[in-house]
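Peer 1: Sequence:
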Amino acid sequence: MLDMVIDQRRRSLGGFEVGRVLPFAKRRMVGPFVFFDHMGPVDFAPGIPDDVDVRPHPHIGLSTITYLFDGEIMHRDSVGSEQPIRPGEVNWMTAGRGITHSERFEQARAHGGSLDGIQAWVALPRADEEMDPAFDHYGAGVLPAFDEGGVRGRLVAGSAYGLVSPVKTRSPLFYLHCELAAGATFALPDDHRERAAYVVRGSVEAAGERHGEGRMLVFSPGRPAAVTACEGTLLMVLGGEPLGERFIEWNFVSSSKERIEQAKADWRAGRMKLPDLDDGECIPLPGDPERTPANPMS
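Letter by letter, the sequence shown follows residues 437 to 734 in the working numbering.
Do not rely on the hints blindly, as some may be mistaken.
Below are the BS3-like pairs computed for lysine-lysine, each with C-alpha atoms no more than 27 angstroms apart in a straight line [said to hold, decoys possible]:
(1) K693 / K462
(2) K700 / K462
(3) K604 / K709
(4) K709 / K693
The calculated label-pair distances, taken between Cβ atoms and stated as ranges, are [said to hold, decoys possible]:
(5) P520 / G450: 16 to 26 angstroms
(6) A546 / P660: 47 to 57 angstroms
(7) R464 / D712: 28 to 38 angstroms
Read the hints as simulated data drawn from the structure, not as lab findings. Ideal Cβ positions, reconstructed from N, Cα and C, are used throughout, including at glycine.
From just these sequences and the hints, can you work out the full model?
Peer 2: Dropping the structure here:
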């Protein structure tokens, strides 16, 4: 049974648009997932300007998960990472007490190309909100796969259907990439309390209604949950155990409003270390004037 349907809201990031799904006014989280953006799809021409890039910016209290269907993004962060991500791979960045990173479209700038993918944020359990920051990259070949009854899938993170992803997580969750043939029925995992399916491409039928691209279906806890593909369809399926209330402001997530205020003050004052290999500029706190780091903490 469906509990709620959330349509993406298109938001401009300056050089391209994303479809924002979470947080939503009537549904802030699904399990530990507190943020869900569909990046693109967009076609970049060669020579795109630098302002298309996502310049260095901070996070606390969460893990970011970047997963692409098409394109390439170069990630650099304040723990020393420099890692391109390509389709089917996973960039899992844990902010903990604080991390900064940039996301740049260097491959598209040089050669042109498309971008299509999902960036999600997972809140950290309260005991881990101030853990040391970290970054992990996983190649496409290490993710568990399944293929049955017209449904092909890969377990991006967590556990489901007896499979366990090698991606390091901090709370019970699941995150799946699923491709359904027309007419195939897919039953969501029944061993996680909160569950949702996002339609990337194609359309599905659920609870007697058809749902197309850009729509997230949130299912009722403790009830059977399934979708049937009306055509060839690509889904991202997610959920897990709820972690309790989280506050979100800009790029900061915390169980404490005071901690977010401290993070804002630290960023404004230049007390958060910038990416080791990308420390020449940064995104100001919303409402603040642009600034160039005079003495970046690198």
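Peer 1: For each hint given before, does the structure comply? Return the numbers of the non-compliant ones in rising order.
Peer 2: none
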